[in-house]
Each structure stands twice: as C-alpha cells, then as structure tokens.
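Chains A and B, in that order, are what the protein sequence lines are. Using the numbering used here, the letters of the first sequence correspond one by one to residues 1 to 332. Using the numbering used here, the letters of the second sequence correspond one by one to residues 333 to 649.
Hint data in this document are derived by calculation from the structure and do not stem from the laboratory. Every residue gets a Cβ at the ideal spot worked out from N, C-alpha and C, and that includes glycine. There may be inaccurate statements among the hints.
Stated by the list, open to error - Partial list, computed: chain A residues near chain B (C-beta under 7 Å):
1) Ala51
2) Gln55
3) Gly70
4) Tyr74
5) Thr80
6) Gly100
7) Val103
8) Lys104
9) Gly107
10) Phe284
Said to hold, decoys possible - Straight line, CA to CA, 25 Å or less: simulated SDA-like cross-link-like pairs of lysine to any residue:
11) A:Lys152 <-> B:Leu364
12) B:Lys455 <-> B:Ile444
13) A:Lys152 <-> B:Tyr477
14) A:Lys152 <-> A:Glu62
15) B:Lys453 <-> A:Glu261
16) A:Lys18 <-> B:Asn549
17) B:Lys457 <-> A:Phe14
18) B:Lys641 <-> A:Ser92
19) A:Lys104 <-> B:Thr560
20) A:Lys224 <-> A:Asp203
21) A:Lys113 <-> B:Gln563
22) B:Lys495 <-> B:Leu506
23) A:Lys113 <-> B:His567
24) A:Lys108 <-> B:Thr560
25) B:Lys453 <-> A:Ser39
26) B:Lys641 <-> A:His90
27) A:Lys113 <-> A:Pro125
28) B:Lys480 <-> B:Ala458
29) A:Lys224 <-> A:Asp210
30) A:Lys113 <-> B:Leu550
31) B:Lys457 <-> B:Leu473
32) B:Lys453 <-> A:Ser92
33) A:Lys154 <-> B:Ile444
34) A:Lys18 <-> B:Ala452
35) A:Lys152 <-> B:Leu550
36) A:Lys104 <-> B:Val546
37) B:Lys480 <-> B:Asp396
38) A:Lys254 <-> A:Ser292
39) B:Lys412 <-> B:Asp396
40) B:Lys641 <-> A:Glu54
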Amino acid sequence: MTAAVLFENVSRHFGAVKAVDAVDLEIAAGEFFAMLGPSGSGKTTCLRLMAGFEQPTGGHIEIFGETAEGVPPYRRSVNTVFQDYALFPHLSILDNVAYGLMVKGVGKDERRKAAEDALAMVKLPGYGQRRPGQLSGGQRQRVALARALVNKPKVLLLDEPLGALDLKLREQMQEELKSLQKSLGITFVFVTHDQGEALSMADRIAVFNDGKIQQLGTPEDIYKRPQTRFVADFVGSSNVLSSAICARLGVPAKAASLRPEAIAIGTSWAEQLSLPGTVTARSFLGATNRVSVDCNGEKIIVASPAAMPVPEIGADVQLAFSRNDLHLMEEA
Amino acid sequence: MSALATPAAIMPNRPGLTGRISDFLWKHPHVLLVILLGPPVLWLGIIYLGSLFALLLQSFFSIDDFSGLISYEFTLSTYKQLLSDANFDIIVRTITMAAVVTIFSALIAFPIAYYAARYAKGKWKAVFYLGIMLPLWSSYLVKIYAWKLILAKEGILTWAFTKLHLLWLLDGWLSLPIIGGNSLSVSYTGTFLVFVYVWMPFMILPIQAALERVPGNLIEASSDLGGTPQQTFRHVLFPLALPGIVAGSIFTFSLTLGDYIIPQIVGSSRLFIGQAVYAQQGTAGNIPLAAAFTVVPIVIMGLYLWMAKRMGAFDAL
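Next up, chain A with everything else stripped away, as it sits in the complex (with noise of 0.2 Å):
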C-alpha cells in the first residue's frame, strides 16, 4: 500500500539553521499521525513542507506516491487547518468555506450546499452569513475545519489547531476531531506541543527535536519505552536513572527511565526494586501528589496517588518499583 506521505532523507535548512534535517517518515493512509516536539524544532517545517509552502533543500517527499517536490500548494490534494485559522475577513463564514470549491470552479448552488453540509458536520449550521470576527475562537477554528474538509482532501493537515482554545473547548474538539477522523478516513497529520493532546488523538507519533525526529512509535511506545533522554523528558517528563544508580539496582545500563507514577513511597515487596532517598518537596496537583525525593544527589519524582499519605519534607524514604517499569536507554 502506498503511503500518504513519505519523506526520504528530506532537509530543509534556511542558511545556517537546520530546521528539518535529513528526516525519513512514513505515513500510512488512514491514519492519525502527530508530530510532536519544542518550539522550533522543525514539526512545522514538515508540516509546511508537505503543504508546499516551503520547497526542501533536500531529499524527497511523495504524496501518494507521486512526487511532491516542485509542485506548488495549490495543485496539491492536501489542505491545512491552520494555528490561528487563516479565515478570510471580507468573506461571509458560507463563502469561506465554499473558497475551495469557488476557485475549483463548482456552480454557486452546488458549492453552497456543499459549504452547508460542512458545516453542519462541524456542528455550525446556519452560521453561513457571519462573518469570521463574530464568531468565538472555538466556532472559527470549526469554520477552519469544515473549510478543508469541504475539499475532500487526501491529507488534512492540522498546525497546533486547538492552541487557543480553553482546556474544556479543547478536550471537547479532541474527541471530534478523533471520531471526524474516522468517520471520513482522511489521513490527518497533527502538529501539537502538547504531549497528552498527541498521546490521546494519534495512532502514531513522531517526537521531534533539533529538525531531526528523535522517536516514532505509538503513544504507548513512546510513553513507556522512550529511546533518548529528550523523549523521556519530553513526552510525560519521566524520571532518567544515571548509570550509577542503575548499577546499585543491579540492572547494567547507560540510563533508564522511570515514570513518575510507577513508584510507590514506603511499601516494597521481595521482587520490586527499592531505593533509598530524602524528601525534598511535594506539591498538591489534585489526582496526586508531586513529591520530589533525593537519592544519592539524583533528583527523582514520584506522582503519589492523593489518597496515600504524603511523606514530610527531610523525611527518609524508600521508593519501590517493579523491574518491568524501568525502561533501558541506549544512550545516556
């Protein structure tokens, strides 16, 4: 089967600054893809990259399986939702959403029930005669969804498009944007900088730093079984054992990683691990309790369930862990 989007070895440098570099990626069709990574460092650039807003200086992209370098944004079958939704100000919301099919040259009558199934599919009917500065930033970013997929394009392609909205709105167009995605079986590439919107949303992601992509797995891989440390502190900022500590536990390694919530404070049975170490903080977040512990000079965090009693601040502690939740790494 063809990909929907490949990049063999593609580069995208502006001078000196490497913004993509040398990235091989794979994107199969159907499929729920999230790039995930910091600012700068280069999600956008492929995303832009496979719109064709920007040329790469190296490599080669295909669209299913046809050539994509040269070919400007307009003859491409991929259309974007962009981060600050890009609508046009002098158009009424109905005209916005039907520009796709205006300048393909559909009749007005056609595009015009087109545009209004649009946007009755994103939950917006009969607000086709607004325009784009009545509408709230949650209505604008529908408008903006419904103005891409009013084109049946082969990939949509999402740029941080629940940025601005609140937590509620954006958990709210998480779950629609999945079942949307399903519904219509468009392949969708999702750019977020937020880890838990790509942990829930995609099937797979691509952890990227420094225009290079560090991970590509799925959520669960890339959550439990992180390869570098960047990924480990990145996705879920997990705790990364030393050598030193690793050697203590008795597993030969250049570091492990540990998340948070697989240690337990106080408790330890014959086949866990167990370390010693000092309160140093602990900060209530609702579901847990963040508590920082000391061990030989190694911070480690513990996400405590709030139901268990929380440790005083200098207090000796022993953390237990079970072998199956330390995670080897390659590097340290």
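Using the hints, position chain B against chain A.
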C-alpha cells in the same frame, strides 16, 4: 528603616499645582477631552469648514456682466454658466485626466507597495520609504520645471528615443489627436506623466499600509485551498487592499482635480478646473463662477466615495 521604606497602601497627593491638576483631570476626564479637542475642533469648524462654506455660498450669487459687481441675490444663473459648453469642456477634461491618472497610479503603485509590504525587510524597507518620500521633500515647482525640460523637444526623452532609433514611435504618439502635440511638454501626455509622477507617493503609501495588514497566512490559505496566484490576487489580496487603493485614489483624484500649476507649465493651453478657478477669481474677478467651479470636485468626490462604499470597498475595514 532605610530611605526605601515600605510605601503606604494609599499614597498622599503629589504636592503643588501640577499634582492638583492631575487629580482633577483624572476625576473629570471629559474636561481633559474638551481642553484637548476644543481648539482643533474650533479651528476645523470655523476657520476651515466655515470659510469653505462661505466660498460655496458665493456660487449662489452672480456677477453683473455690465458693471463687474457681484449682486448678492440668490440665483442659480452661475451654475447655468458653469454648464455652458466651454466650461463643461473644462470639467470633462479635468475629470478624464484625474481618472486616467488615478488608474495608472494604482497600476504602477500596487507592485511597488506589494514588494515593500511583503518582502522588504530592515534596510530595504528604509530604502523604500526614502525612495518614496524623497521626491516629496523637494520643491514641487522644481520638479515640474525639471519635467518640462525632460519632456521638451530638445530634452532627454527625445534624445533617448533618437539613440534607440525609436523616434518614429514618439512621433507617432505625438501625432495622435487629443493626447498628442508638438512635443511631450505641450501635450496632455506630458501633463499626465507629470501628474502620475507627482502624486505617486500618495497612492503607494496607503496601498502599502493596507497590504501590510493582510496576514501572510491568508495568501497561504488561498493557495492551500487550490487558488492559483491569479485567483488569490482576485479573491483575497485585491479585496483586502481595496480600502488602501480607494484611499490612495482619493488623493490622486482630488489632487488632480484641484491642481492648477502642472497643467499650466506642462501641457496644452486648454484649461483644467484649477486653472479656471484661478483665472475666474483673479483676472476675471468672477468669484461666484470660481466658487461654482470648486463645488465640482467636492460633488465628484462625494459621488466617488458613495459609489466606492456601495461597491464594498470598505467591507474589509
């Protein structure tokens, strides 16, 4: 405690008159508004608009042909005189010139403004502003006389056409009726060129300001949705730049309608509205007719703005 003592929660009044004035104006913001706005509104209302209406009022008086005195009785006879063939010709000539100058200014200004708004950064932006503004800093008369020399039969343009073996082209153009003449400096073509040159900054700057406000991602969004560059220009860029183009055209159009120096120095001897006003109020002493002539640009600009609004030129504002 040291000199930097913890401040009180509510600090005492600042001493002196300025402190009391500050407190008073803070409590009565409308007084501040009246102080700031009063003088300019009075200036605009009485001296500026007042004198304009006084002038317009004159157009409803008439001149006694026999004695040359103004009779202060309400009459429309001056307007009848305004619409006589000779005077109506002047109006049509001026409006046509203003329209053509405006259209060509917009055509030339748009690419320059587009480059300046989209691509020019840092140093190049400064070069752009200097290039646009520099001609405005030199005397208007010097520029027009310079153009008279450039356009003269012995001038650099004729010389350049001769050297390029294109003199036949220039001669062919000058032999055309109406727009031609003995040389460029005594033809409507010459008048047109100087008008376009002199008013160009007034067209470029508003368009540049309008284009600067168009977010770059709207251009990308249009392209992303399948819009070719022409379609993007027609459906996104042009409508959003239109308020700027209209603003610029108000300048070029009204400045051309009112100017009396350029057509006097460069062009044929036929009059434009500005020259007619100048001649009527000066040598002829016919203030009512001069006033009636000044009503024409005001009415035309009013109609122009009304039409522009109806065509949706200000929708993007």
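Hint check results:
1. Ala51: 6 Å, holds
2. Gln55: Violated. Min distance 13 Å.
3. Gly70: Violated - the Cβ of Gly70 of chain A stays beyond 7 Å from chain B, reaching only about 15 Å at its closest.
4. Tyr74: 5 Å, holds
5. Thr80: With a minimum Cβ separation of about 5 Å from chain B (threshold 7 Å), the hint on Thr80 of chain A holds.
6. Gly100: Holds, about 4 Å.
7. Val103: Holds, about 4 Å.
8. Lys104: Holds, because the Cβ-Cβ distance from Lys104 of chain A to chain B comes to roughly 5 Å (cut-off 7 Å).
9. Gly107: Violated - the Cβ of Gly107 of chain A stays beyond 7 Å from chain B, reaching only about 16 Å at its closest.
10. Phe284: For Phe284 of chain A, the interface hint is violated, since the closest Cβ of chain B sits about 32 Å away, which is over 7 Å.
11. A:Lys152 <-> B:Leu364: 59 Å, violated
12. B:Lys455 <-> B:Ile444: 16 Å, holds
13. A:Lys152 <-> B:Tyr477: 62 Å, violated
14. A:Lys152 <-> A:Glu62: Satisfied, since the Cα-Cα distance of roughly 19 Å is no more than 25 Å.
15. B:Lys453 <-> A:Glu261: 50 Å, violated
16. A:Lys18 <-> B:Asn549: 23 Å, holds
17. B:Lys457 <-> A:Phe14: 21 Å, holds
18. B:Lys641 <-> A:Ser92: Holds - the C-alpha atoms of Ser92 of chain A and Lys641 of chain B are around 18 Å apart, at most 25 Å.
19. A:Lys104 <-> B:Thr560: Between Lys104 of chain A and Thr560 of chain B the Cα gap is close to 10 Å, so the pair holds against 25 Å.
20. A:Lys224 <-> A:Asp203: 15 Å, holds
21. A:Lys113 <-> B:Gln563: 22 Å, holds
22. B:Lys495 <-> B:Leu506: 18 Å, holds
23. A:Lys113 <-> B:His567: 20 Å, holds
24. A:Lys108 <-> B:Thr560: Holds. Lys108 of chain A to Thr560 of chain B sits at ~19 Å (cutoff 25 Å).
25. B:Lys453 <-> A:Ser39: Holds. Lys453 of chain B to Ser39 of chain A sits at ~24 Å (cutoff 25 Å).
26. B:Lys641 <-> A:His90: Holds, at roughly 14 Å.
27. A:Lys113 <-> A:Pro125: 12 Å, holds
28. B:Lys480 <-> B:Ala458: Violated, because 30 Å separates the two Cα atoms, which is more than 25 Å.
29. A:Lys224 <-> A:Asp210: Given that 25 Å is the threshold and the Cα spacing comes to 22 Å, the pair holds.
30. A:Lys113 <-> B:Leu550: 24 Å, holds
31. B:Lys457 <-> B:Leu473: Between Lys457 of chain B and Leu473 of chain B the Cα gap is close to 28 Å, so the pair fails against 25 Å, i.e. violated.
32. B:Lys453 <-> A:Ser92: The hint is violated at about 33 Å.
33. A:Lys154 <-> B:Ile444: 38 Å, violated
34. A:Lys18 <-> B:Ala452: The given pair, whose Cα atoms are some 24 Å apart, holds under the 25 Å limit.
35. A:Lys152 <-> B:Leu550: 20 Å, holds
36. A:Lys104 <-> B:Val546: 23 Å, holds
37. B:Lys480 <-> B:Asp396: 39 Å, violated
38. A:Lys254 <-> A:Ser292: 23 Å, holds
39. B:Lys412 <-> B:Asp396: With Cα atoms ~15 Å apart, Lys412 of chain B and Asp396 of chain B stay inside 25 Å; holds.
40. B:Lys641 <-> A:Glu54: Since the Cα atoms of Lys641 of chain B and Glu54 of chain A sit roughly 38 Å apart, the hinted pair is violated (cutoff 25 Å).
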